[in-house]
Amino acid sequence: MRSRGPRSLLALLALLAAPAAAATGPAAKGAPAPAADAPAKAEKAGGAPAEDLIQAEKPPFSEGIFPCSQCHQGPGDSKRRELAFHDDVQSTFDHDSEHRWCLDCHMNASRDVLHLANGDAVPFTESYRLCGQCHGDKYRDWRVGVHGKRVGMWNGQKTYYLCVNCHNPHSPRFKPLKPEPRPTRPEEMKR
Amino acid sequence: MSPPKGLLPVLNGAEEAGPGHSRRAFLQMALGGAAVAALGACGVEDLLRKHLHELSKEELQALLARLEKKYSAQYGKKVSVAANAALPGVEFGYGLDLSRCIGCRRCVYACVRENNTSRKNPQIQWIRVLEMDKEHGVDLQHANPYYEAELVPRPGHFYMPVQCQQCRNPPCVKVCPVKATWKEPDGIVVIDYDWCIGCRCCTAACPYGARKFNWAEPDLSAEEMNPVTHYLGNRPRPRGVVEKCTFCIQRSRVGRYPACVEICPVGARKFGDLRDPQSEIRRVMETKRVFVFKEDLATEPQFYYFYAT
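If you're matching them up, the sequences are chains A and B in order.
Take 503 as the starting number for the first sequence in the working numbering and just add one per residue.
Take 1418 as the starting number for the second sequence in the working numbering and just add one per residue.
These aren't lab readings, by the way, just hints derived from the structure by calculation.
Keep in mind that this is a model prediction, so the values were computed, not measured.
A hint or two may mislead.
Taking lysine to aspartate or glutamate pairs in the EDC-like style, the calculated list, with each CA pair at most 20 Å apart, reads [said to hold, decoys possible]:
1. B:1486 x B:1609
2. A:692 x B:1636
3. B:1537 x A:689
4. B:1705 x A:639
5. B:1705 x A:643
6. B:1537 x B:1636
7. A:680 x B:1565
8. A:640 x A:559
9. A:677 x B:1567
10. B:1537 x A:682
11. B:1537 x A:690
The calculated label-pair distances, taken between Cβ atoms and stated as ranges, are [claimed, not checked]:
12. B:1493 x A:570: 49 to 57 Å
13. A:677 x B:1462: 50 to 58 Å
14. B:1624 x A:618: 49 to 57 Å
15. B:1475 x A:565: 53 to 61 Å
16. A:670 x B:1641: 28 to 36 Å
Glycine included, C-beta positions come from ideal geometry on N, C-alpha and C.
All chains, please: the whole structure from these sequences, using the hints.
Right under this line is the structure:
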C-alpha cells in the first residue's frame, strides 16, 4: 500500500507534464514529430511585437559589482569628475566620452537602475530602452530581429540578446577578432 | 522484343517498361545473386534500391534503420538518421549582412562541426569567406579566400561568405544525369549521396563554387562526429560523392536556426520563412538594401546579401 502512494503521484505528475512538454514542442526536443511540428504561426501572429517574446540573456555585470547599492546609498555628487573607483570603466570609456559620463545613464538617486533622458528609471534588464533613445534605427531593427543575434527556433522560442550582451556599453564599438584558420589550398592537400 | 509483362518489375501505373527499367531489372537479376554472395548483409539493398522518391514508407524506414545501424557501429555511438519532409507552407530564406561580417570564419567551422564534413585530407568546407577590397566592391577578380591576419576586419577590406545559394533555378539540378540532386518544396537543394555517381557535372555547373567533391574517404573522427543527422543533410558521406550546404536541413526542418546563424558573433546572418511576413528575413527584404549574388545568371537564389547600414 505504502509503495503505491509515490507511484500514483508520479503517474499524476507524468500526466500533468505531458501536455506541458507538448506545448514547449520542438524547442525542447531534438526528435521531430512531423505532424506536430508545424510552425507555431498562431503564437507568433496576432501582431505581437517581438518584445513580447524576449527571453534576454542576463546583463553582463562584472563579478560582485551588482547591486550597486552595496556601496552607493542615496544620491551622490552629480558633478562630472574623475572617480577614485571604477578604474576599469574610466580607462576604457569610449562612448561619446567627450560629452558624457556615468550619471548620464546611471541613476543618481538609485544606482541599481538606469535612467532615460526624461528621468524615468529603467532596470538593467531593459537597458535597450535607454540605448534606443539615441540609436533608434538600431533599436527598431533589433526589435524585429534584423539587428543583433538570436538563437533557438526560427519558428518559435528564441533567445534574444540585450545590446550590452554584445556591445560593451562603456566602449560599444566591436573589437577586432582573431580569424579562424584559412582553408587549405588545393595544392597543399595530400594526394 | 519487349519482355512479357509480369516478369520484370515495372513502376506502378506505368504502361510499359522503358529501356531504362528493363536494364535496371536485368542488372538486378544478373548482379543480385553474385552481389548477395559477395557483399553479405551490408549494402546489397542499398545498391539495388529504387530512387528515394519511389521508395514506399516502409522501404524508407528500413533504409534509415540500416543506415543508423551502420553509422552507429562505425562511429561507436548512437547515430540517428532522420528524413523529415519539408514543413508545409514554408519557404526558407537566408540573409547575410555584408555591412556587419568581419571575416572571422566562425561560421565555416561551426558548419564543419555540425555537418560532419571531412576535416583535413581532403578538407571540405561548405562556407568560403571571400576577402574583398573596399575600393573594388563586390568583384571576384579581387577576392581572396585564403587571407590570413592577426585580427579581422583588416582595414580597407570587407568580407563576403559564400555558400550554396539554394537557387530557385538551380543549374546543378538541371545537369545531374541521374536525378541525385533536386530542389525540395521548402527550397533546399538536396543530394542523395547514395544515388550520386560522382560525375561532378553539378560542381562544374554551379556558378558559386558551392558544391564540394569527396576526392578521398572523408576524414571524420568518431569523437567529432555529430550523431544527429538527416538523410539528405549531414549524415556521413562516402568517398566519390558531391556535397554542399543544406541550410542545416537536420536543424531547420525541426525549427532550429542553422549552425552558422547561431555562431556568428556579429549577428550578420538571418534565417527564416519567406512566406511569413513577420519573419526576420522578410523584415530584411522589406527594409534593407538587398541583392542576390550573380543576379545576371538568373539562378534566383534564396540566399540574399544585404546592407543593414
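The hints, checked one at a time:
no. : hint                       : verdict
1   : B:1486 x B:1609            : holds (18 Å)
2   : A:692 x B:1636             : holds (12 Å)
3   : B:1537 x A:689             : holds (13 Å)
4   : B:1705 x A:639             : holds (12 Å)
5   : B:1705 x A:643             : holds (10 Å)
6   : B:1537 x B:1636            : holds (6 Å)
7   : A:680 x B:1565             : holds (10 Å)
8   : A:640 x A:559              : holds (18 Å)
9   : A:677 x B:1567             : holds (13 Å)
10  : B:1537 x A:682             : holds (15 Å)
11  : B:1537 x A:690             : holds (10 Å)
12  : B:1493 x A:570: 49 to 57 Å : holds (52 Å)
13  : A:677 x B:1462: 50 to 58 Å : holds (55 Å)
14  : B:1624 x A:618: 49 to 57 Å : holds (51 Å)
15  : B:1475 x A:565: 53 to 61 Å : holds (58 Å)
16  : A:670 x B:1641: 28 to 36 Å : holds (33 Å)
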